[in-house]
Amino acid sequence: MLSMNKHSLLYRVFDLYYDGFRHMKLGRTLWAIILIKLFIIFVILKLFFFPNYIKEHANKGEESEFVATQVLKR
Amino acid sequence: MTNLLLNIDAGSIDWARAQFALTAIYHWLFVPLTLGLAVIMGIAETCWYHTRDTFWRDTAKFWQKLFGVNFAMGVATGIILEFEFGTNWSNYSWFVGDIFGAPLAIEGIVAFFMESTFVAVMFFGWKKVSPGFHLASTWLTGLGATISAWWILVANAWMQYPVGCEFNPDTMRNEMVSFLDVALSPFAVDKFCHTVISAWIIGAIFVVAVSCWYLMKKREVKLAKQSIKIAAIVGLIASLGAAMTGHKSAQSVAEVQPMKLAAMEALYNGGTDVGLTAVAWVNPFCQPDYQNEESAPLKIEMPYALSFMATNDIHGYVPGINDILNGYTKPDGTREPSVDEKIERGKKAIEALAGYRAAKYASSDDGTTAAAHLKVLQENMKYFGYGYVKDRNDVVPPIPINFWAFRIMVGLGCVFILFFAIITVMAFKIPLVSVITRRLLAAFGIIPETEADTHDIAGLPAWHYWVAIALVPLAYIASESGWLVAEFGRQPWTIQDMLPTWVAISDISSTSVALTFFLFLFLFTLMLAVEINILLKQIKKGPKYTDIKD
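The listed protein sequences derive, respectively, from chains A and B.
Residues 1 to 74 in the working numbering are what the first sequence lists, from first letter to last.
Residues 75 to 624 in the working numbering are what the second sequence lists, from first letter to last.
FYI, nobody ran anything at the bench for these hints, they're computed from the structure.
For clarity, every value in this text was computed on a predicted model and none was experimentally measured.
Among the clues, some could well be false.
[As the list claims (entries may be wrong)] Think about it this way: if two alpha-carbon atoms lie no more than 30 Å apart in a straight line, the pair counts; the simulated DSSO-like pairs of lysine-lysine are:
no.	chain 1	residue 1	chain 2	residue 2
1	A	LYS55	B	LYS434
2	B	LYS202	A	LYS6
3	A	LYS55	B	LYS611
4	A	LYS37	B	LYS618
5	A	LYS25	B	LYS296
6	A	LYS37	B	LYS614
7	A	LYS73	B	LYS434
8	B	LYS421	A	LYS73
9	B	LYS202	A	LYS25
10	B	LYS464	A	LYS73
11	B	LYS615	A	LYS25
12	B	LYS421	A	LYS25
13	B	LYS299	B	LYS503
14	B	LYS422	A	LYS73
15	B	LYS611	A	LYS73
16	A	LYS37	B	LYS611
17	A	LYS25	B	LYS292
18	B	LYS615	B	LYS292
19	B	LYS322	A	LYS60
20	B	LYS615	A	LYS37
21	B	LYS291	A	LYS25
22	B	LYS201	A	LYS6
[Claimed, not checked] Cβ-to-Cβ under 10 Å is the rule here; a few derived chain B residues that face chain A:
no.	residue
23	ALA194
24	VAL195
25	ALA428
26	SER583
27	THR585
28	SER586
29	THR590
30	VAL604
Just so it is clear, CB atoms sit at the ideal spot from N, CA and C, and this is done for glycine as well.
Please model the entire structure based on the sequences and the hints provided.
Structure, rendered in structure tokens:
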């Protein structure tokens, strides 16, 4: 295990976060909510409900042609 | 490539708009409180830094804790809007190209690095860093959030007033030609000032309301009284500032989105020396017959005020809805074309774009046909979106929503100025003014005679405090009303004059958008209930005077 000088900037930054996270009380609840929210947003919503429409319908490199078809015929 | 039928489901436009509005409104519940509380907690900690009185440290930490709850609940809710761009508004998303990409990327980087760094120091660093560094971190947390808001508002302002870009018919995208024109667009500057300053009002009202609840419960009296003092000053400056920046915003709108201003005012026929409508009967549920009515019925107006608001000149010319539809001559002598003329020019632009693309891919063209089409396109690009308009009345935004939302915002704004003026007088016990104010309130029966000479803001009857608490939802209603005016006012454009909603939308079924709308409605309601619950618990718990880690 690497030994760190307790006065070094790196250690102090690490200690700020480590100690801070370790002693959280309300913060634990808030972080749990944030993580659940991020899971719902990026895993459930993005993957299952919000695909990129152009990427799904146009071949790579032909996106502008696809959009032109969409826009010019309306 | 998928061969699409290109038969757009009209319902999908409404559902996609409703979904975007729902997400934006939900996101905007958190942002203004974050921006507002950042100022209050910054001032409280500055008081601690100067006095080293632990009371101020505890006060700052208490508001930081509520800031943290709100921040945590609001974080990432804006990302959903970007998902909606990619799925529901794919044509729009492609069309705006890097104009949107650059500000949003900067916003993401700034938000991540500034906020994650300084938020951590603010919450974890009380015993780890020097007081000066901690104070700087607290202010930089607020500054980071404000800078994030800047870039988002730059992106929004560009949709309302597209500048600094050029349409590339090869890539079908608007490409940025001047970053400074986009980032420092006067429309963006006005929007930013008005939005951020009005967010401070929400923060100030929230702090006054929480403090009043403590005073009503006769607890945390010192914290409540001192916090009210800070919030009163912030709120008074912000509510006066919101009025001034609102005036500037209205001038921007008058210049670049006259139809929005006409809809806000239900101004069917414009002219010079135009009065500002204080109130009129505009049916909230249906579009008025602006083509045949001279003006909205039962109109009470402030003479010359609209001309002044729009042009800074009480005799200034303000076009009405019919003037804009029929075309009008501006004060500088130039002529604004009618909507029918714009539609013709828009159609020319669309045909030229199609011709250009066809010629470009045709092996027989030596470049001259493509160049000719390109010239026509460039000459008419300004009105490109009008080419999709079938009926000229489609460019008139929903008047009732704009009219009433504007009045709610301005009316409540005036209430907030009065509220903060009274609170400032009471909180600072300004002797003569306080006595006069309280005696006037007593004379009008607003407060009992027996309270006319009471000076202390603590110990008042409970209803005083309930008034302050009741202003919290009203502050949110005012703020969201402002956004309703901004966004409904530019209908039907997703990008002003360039791209109407029915072209910006993806060819998706309304069922799928409706499904995600209700999914969001459920999720947002649940998350909001959780946030309010946590927030109320923390308020009930009150400040902690010993634990400095949480």
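*Proposed proximity, LYS434/B with LYS55/A (alpha carbon, max 30 Å)*: Status holds; Cα separation ~24 Å.
*Is the hinted pair LYS422/B and LYS73/A satisfied, with a Cα-Cα distance of at most 30 Å?*
The hint holds at about 14 Å.
*30 Å Cα cutoff - pair LYS25/A, LYS296/B*: Satisfied, since the Cα-Cα distance of roughly 26 Å is no more than 30 Å.
*Is LYS202/B within 30 Å of LYS25/A, Cα to Cα?*
holds (18 Å)
*Would the pair LYS421/B and LYS73/A pass a check requiring their Cα atoms to be no farther apart than 30 Å?*
The hint holds at about 12 Å.
*With a cut-off of 30 Å on the C-alpha distance, tell me whether LYS73/A and LYS434/B pass.*
Roughly 18 Å between the alpha carbons, so the hint for LYS73/A and LYS434/B holds.
*When the nearest CB of chain A is found for ALA194/B, is that gap smaller than 10 Å?*
Constraint on ALA194/B satisfied, holds at 6 Å.
*Given the hint that LYS299/B pairs with LYS503/B, test it: the Cα-Cα distance must not exceed 30 Å.*
holds (11 Å)
*With a cut-off of 10 Å, does the beta carbon of THR590/B approach a beta carbon of chain A closely enough for the hint to hold?*
holds (5 Å)
*Does the alpha-carbon distance linking LYS55/A and LYS611/B stay inside the 30 Å limit?*
violated (45 Å)
*asked:* Next pair to validate is LYS615/B with LYS25/A; report whether the Cα-Cα distance is within 30 Å.
replied: Given that 30 Å is the threshold and the Cα spacing comes to 13 Å, the pair holds.
*Does the structure keep LYS202/B and LYS6/A at a Cα separation of 30 Å or less?*
Status holds; Cα separation ~12 Å.
Checked against the numbered hints above, the structure breaks hints 3, 12, 15, 19, 26 and 27 and satisfies the rest.
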